[in-house]
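So the protein sequences, as listed, match chains A and B. At position 138 of the first sequence (counting the first as 1) the number is 138 in the numbering used here, and the numbers step up by one without a gap. At position 26 of the second sequence (counting the first as 1) the number is 26 in the numbering used here, and the numbers step up by one without a gap.
These are computed hints drawn from the structure, not numbers from a lab. Careful: at least some of the hints might be erroneous.
Stated by the list, open to error - For lysine to any residue, the following SDA-like pairs were computed, each having C-alpha atoms within a straight-line distance of at most 20 angstroms:
id : chain 1 : residue 1 : chain 2 : residue 2
1  : A       : Lys247    : A       : Asp261
2  : A       : Lys218    : B       : Gln42
3  : B       : Lys76     : A       : Thr102
4  : A       : Lys183    : A       : Leu208
5  : B       : Lys76     : A       : Ser103
6  : A       : Lys120    : B       : Gly71
7  : A       : Lys149    : B       : Ala51
8  : B       : Lys21     : A       : Glu86
Next come the chains, spelled out residue by residue.
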Amino acid sequence: MSEEKKIVHDVIMIGAGPAALSAAIYTTREDIDTLLFERGVPGGLAAITDWVDNYPGFPEGLAGLDLANNLQKQAERFGAVIELGEVMKITDEGEFKKLETTSGDMYARAVLIATGSDYKKTGVPGEQEYYARGVHYCATCDGAFYRDKRLVVIGGGNSAVQESIFLTRFATHIDLLVRSTIKASDVLQKDLQKFVDNGKITVHLNTLTDEIVGEDNKVVKVVGTDKATGKNIDFPTDGVFVFVGLKPNSEFVKDLVDLDDIGLIKTDANLHTSVPGVFAAGDIRSGATLQIASAAGEGATAALKIREYLDAREHILE
Amino acid sequence: MVKNITIFTTNTCAYCAMVKKYLDVKNHKYDIVNLDEQPHRQAEALALSGAMTVPVTVVTKHDDTREVIVGYNLAKLAPAVA
Chain A
1 MSEEKKIVHD
11 VIMIGAGPAA
21 LSAAIYTTRE
31 DIDTLLFERG
41 VPGGLAAITD
51 WVDNYPGFPE
61 GLAGLDLANN
71 LQKQAERFGA
81 VIELGEVMKI
91 TDEGEFKKLE
101 TTSGDMYARA
111 VLIATGSDYK
121 KTGVPGEQEY
131 YARGVHYCAT
141 CDGAFYRDKR
151 LVVIGGGNSA
161 VQESIFLTRF
171 ATHIDLLVRS
181 TIKASDVLQK
191 DLQKFVDNGK
201 ITVHLNTLTD
211 EIVGEDNKVV
221 KVVGTDKATG
231 KNIDFPTDGV
241 FVFVGLKPNS
251 EFVKDLVDLD
261 DIGLIKTDAN
271 LHTSVPGVFA
281 AGDIRSGATL
291 QIASAAGEGA
301 TAALKIREYL
311 DAREHILE
Chain B
1 MVKNITIFTT
11 NTCAYCAMVK
21 KYLDVKNHKY
31 DIVNLDEQPH
41 RQAEALALSG
51 AMTVPVTVVT
61 KHDDTREVIV
71 GYNLAKLAPA
81 VA
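From just these sequences and the hints, can you work out the full model?
As structure tokens, this is what we get:
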């Protein structure tokens, strides 16, 4: 029986966010055959971020979508190929890594996992029931449906604050429900204060979210608890945006590489995982700083380490 | 066979750009309803999709049957325009 012909790439990158796209710019410039798999949007969470003010080289800031498009164009200019699909499983077969994908089985000499994270859910009653009909996770996609309406935003980190500010373009008022204290950067907190001062945003610290309540197929209020008094509070609203942290997209490699307690991939200083030839970079990596600039830097580092790894293997094979 | 395609979008929606890119690659023409520029058409998008989100892609076939795809969902979009 003839053996099925293997499709082999030098490197397959899983994800096409800032880390993988930066890595691909480096690998493809050095003629390393590179394929990227992306199941969502090239650019990842950066692409759905309203505005990026802290990416070096853009003194006025730029739209997250524009940054994502530019990174993609730059990687494609050097020959990177982005396949829209998903990698379900990776098997270490020594010299080659086998990837089971929505486009069939593929093989790579090296793999870069740069799958990042998705926004977490709160898990409260009503959240799933009213998904996309009053409960949302993407302000830049769904904010326009809340022109002249009231909103609740849940969360206290950078995303919650930044997206609350973005949503003031549409909403008449936003209640920001924060479980403990605001964890956003000082710059964002200063920006937030302007909207608090003009009455567009009210911040409710130490407030738990208990339930999202709807009537007639529409969200009408969020029920919370003031942690200081233990009393329930109703927040009347037309919609809810949830930004309560990130969930690592590492489920598909949990049996392959070592993960930390929250599911992020452990690497050494060379961004090498516990499996030879498998690297990780960006938000999926344990110890990552969750910044677009850091992800791009890690992508560049990963590309150089992948090249070293491939060169070393070539010597061994010779 | 596809008769026409309409995409409800906004200026800031990354998933809308992906739908447009996919249709461009497949050489499909489409009309765009930008809800930032035409907010009065939000109710139309909501009625078609049942969801307060974009992109909403409406694929009308030659027999005037219609398929509505919510979000960037290649598993539904690809066969709808094939």
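message: Would the hint linking lysine 149 (chain A) and alanine 51 (chain B) be met if the CA-CA limit is 20 angstroms?
response: 16 angstroms, holds
- prompt: Keeping to a limit of 20 angstroms between CA atoms, is the pair of lysine 21 (chain B) and glutamate 86 (chain A) held or broken?
  reply: 18 angstroms, holds
message: Can you confirm whether the C-alpha distance between lysine 76 (chain B) and threonine 102 (chain A) stays at or below 20 angstroms?
response: Roughly 14 angstroms separates the two Cα atoms, so the pair holds.
message: What's the verdict on lysine 120 (chain A) and glycine 71 (chain B), does the C-alpha distance respect the 20 angstroms limit or exceed it?
response: Since the Cα atoms of lysine 120 (chain A) and glycine 71 (chain B) sit roughly 19 angstroms apart, the hinted pair holds (cutoff 20 angstroms).
task: Starting from lysine 247 (chain A), check that the Cα of aspartate 261 (chain A) is at most 20 angstroms away, please.
output: 12 angstroms, holds
- prompt: Quick one, are lysine 183 (chain A) and leucine 208 (chain A) close enough, alpha carbons at most 20 angstroms?
  reply: The given pair, whose Cα atoms are some 15 angstroms apart, holds under the 20 angstroms limit.
Given hint glutamine 42 (chain B) paired with lysine 218 (chain A) - CA-CA distance at most 20 angstroms: 16 angstroms, holds
- prompt: Has the given pair, lysine 76 (chain B) with serine 103 (chain A), been kept, meaning a C-alpha gap of at most 20 angstroms?
  reply: 16 angstroms, holds
Every hint from the earlier list agrees with this structure, and none is contradicted.
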